[in-house]
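Engineer: Put together the whole structure using the sequences plus the hints.
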Amino acid sequence: MWTATRELSVFAPIADRSTLELRLAAINDALAKDVASTEPFAPDAVPDVHFMRFVIIPDDELGDLLAWEVNYDGELEPWLARVAEVPGIDRIFECCVGYPGTRKRDDWMLWMLEHRIRAAAFYCAYPGVPRKEIVNDLAVRQRLRELADAQRPALERLPPHEIQRRLYEGVTADARLQSSVILDEDLRWFFSRVAAVLVGLIILPFLLAIVVFWWFWALLRAERDDEVAPPPKHAVHTAAELAALEDKIRQNQLTHVVDIKPGVFRAFTVRTVLYVIGALAGVFYVDGHLGGITSIHFARWVIVNDRRDVPRSQRRDRIVFFSNYDGSWESYLGEFIDRASMGLTAIWSNTVDFPKTKLLMFQGATDEESFKQWTRDHQLVTQMWWSGVRDSTVQNLRDDIWLRRRLAASLDDDERALWLQKL
Amino acid sequence: MAAEVVNLADVQGIVYKGYRRHEYAGYMFAQLAQGEASKAWLRSVPIASAAHDGSLGPKIHVAFARNGLAAVGVPEEVLENLPQELSEGMAARAAKLGDNPDTWALPECPDVLLLIYAQHPDELATVMKQQRDALVAAGAVVHPDELAWKFEEREHFGFADGLSQPFIAGMHETPRGHEHPIKTGEILLGYENEYGKLPASPTWGDFDLGANGTYLVFRKLAQDVGGFWQHLAAQAQALGLERTEGAHWLAAKIVGRWPSGAPVVMTPDRDDPELAGANNYLYLEDDPDGLRCPIASHVRRANPRDARDGDAKTSLKVVNRHRILRRGRKYGPPASIHDALHGRASNDPRGLYFIGLGASIARSFEFIQQSWLINPGFHGLDGESDPIVGPGGCPFTIPAEPYRLRLPPMPPIVTMLGGGYFFLPSLSAIARIAPT
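Protein chains in written order, with the numbering used here: chain A, 1 to 423; chain B, 1001 to 1436.
No lab work stands behind these hints: they were computed from the structure. A portion of the hints provided could be inaccurate.
Claimed, not checked - Below 20 Å or equal to it, Euclidean Cα-Cα: the simulated DMTMM-like pairs (lysine to aspartate or glutamate) are:
id	chain 1	residue 1	chain 2	residue 2
1	B	1220	B	1285
2	B	1220	B	1161
3	A	422	B	1401
4	A	422	B	1289
5	A	422	B	1285
Claimed, not checked - Residues of chain A clear of chain B, computed beta-carbon distances all greater than 12 Å:
id	residue
6	25
7	98
8	195
9	271
10	281
11	419
As the structure is a computational prediction, the values presented were derived from the model and not from experiment. All C-beta atoms, glycine included, are put in the ideal place defined by N, C-alpha and C.
Structural biologist: Shown next as structure tokens:
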């Protein structure tokens, strides 16, 4: 059974920012202190969600926006219909312009869909694994550990297949735990990959031929004329507000908003790059790493177009980046620079103030201190953030899933030895 | 770019060497008075440089917290260019570092730290007194002396220490066996770092105040030597192992080296004095799953070498961006492993003055502490912090056949008693701050 892991981003103009701030703060405080909230909305009441945040994107010129970022399982509309039943959801969105309320269900659904912007690129570390399975597999892993610890003197003398059998019986004794065999869907990726390669082989040459000359000419001119922020005189400075929100649980969040450089060239380039990265993420980056970065649970780039009636040269299209990652900001940014600087530079070299780049994807993010300062400068305070897996890293979850899927399976000797090692 | 040669006469000596022949060390914290008197004091301190002068006399070093620099007249617009972690101070970073503010015993925000080394205890006492008097005369409030135990290359739990250090290309000519070469800019400001960039440096007008200087982390860490060995002896017995031998085996698994310093990767089952201090080993090829040296062990977390990723080359490159030069000394009288195992270790306070140097505290010390040492999810682990410097209360997984052994939650054995983040300026920077 395949349940897609999906992304929803809703961006809505704010009518009453101060009320909204108070309400989101009440929810977030209650989460942080693990106490009852004065607000009726509880993120864990929303079904089948992995991560969720509300963030206010302030902008004097374009108007303040409320962004709602959710990573959920299943089909959008049936899922939204269930969200409409969640108490307190109106208390948040009623601070936005033109919100119809959940009582007018059809209007509500329409309003949500109208304010939705599809991610230009979306990454998930465990696509197709619904939250229900993650919760179950975590519990199975814990039970396996307890059994393995408690019974080690007896078990260590047994042959490996017998150890696995005893552990399987121990887990199935608890009727709440699901242990059925689900094989990894490797074939799914195989066929998608073949398709992707074929499409790439057929379409790319045409695209390249048409675009390449114009594009290089434009790129060289653009990079020559780029204005970049001056290199910082100090090691990276962080707004105290941002730092105060970090390092509470095993994951952290990042909300980052930056203007795309004006003009057709950058608008075209950034969309193309994000399309390619999104395509790679959907087909190749499906086993827990995004271009070598292993600490991201979910990430997405969303392009928020400027809908004002102004000349093209004055338009301010923005890239909003949402990430849910393991560990500290410092280590996350380090992974960006160490492992994925080319991909990231290819995206963000099209945005303002980015450190000096060369040929779209070189330099840029490799300028460590400038890149970190640029990231902090455009990072936003996230008013409410919720993680459904507070104590698990991507690697932990993938190990849980891997162990549970093989618990009842007949394994060959090598795989069984590995299975036992991972306990 | 060829490796730059560092002008050693401009660098404080402690960056260059650990003063093994200066066996006695003392540390002094003070709050400075504002203005001229403090400047005059700074001018008067005979600060030791890294240049080899053949003298075996006492060596004095001075490091400043942000407020200390303000007290000696460094203007606000210069201080704004200091790294944020220095401005905030170590106490403010407690959540990141896993520190418990309640155990803090040292002065909370000292302005200045003096590090003094001497060959004889009397000489140390004399110099400490001179420096104390000079500070007091300049209107400073001086905190109680912090005196290190006589230098030994063995820390209190009984293990050879200081075995793996970065080697700085611009300062020394050839690496010694226990040193890994890294770019000068990882340790000293004003030089290219492992990213191929010049690190940001506080400037004062046209003068680069940071060049040839670095940042210093000071932490006083109390060690419960009796608690450590008795816990392991009890665990050994629970596993059906012989008490003393089992405790040694568990300790080696936890530390990642045997008491002699022999790496458990190279000799997994018994200590081997022939391999004492050996440092030319990697993890990925010999021990990818930690069957010899557990993933959660202290040395593997503090320096994962080639095993941070599946790919050795990337891993070494990345790890070299998070190295620190260690200059720590221990305090309090040693207790032997034998006494500790038999409950006869004295109750004297003992532990380590951890001293680390690096061009970015955030990217070296804080990163190592937060992302490797105390990170409960380090390298696929689940809920296991560092067994030595972590907060305690975590299990410890020892990979084994047919499946891993897991020690029940360990008690905390190291307690952080305070410290601070300091700027260790070059001698020319000190001359700029307090011109004659």
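Engineer: Looking back at the hints listed earlier, which ones does the structure fail to meet?
Structural biologist: Those not satisfied are hints 1, 11.
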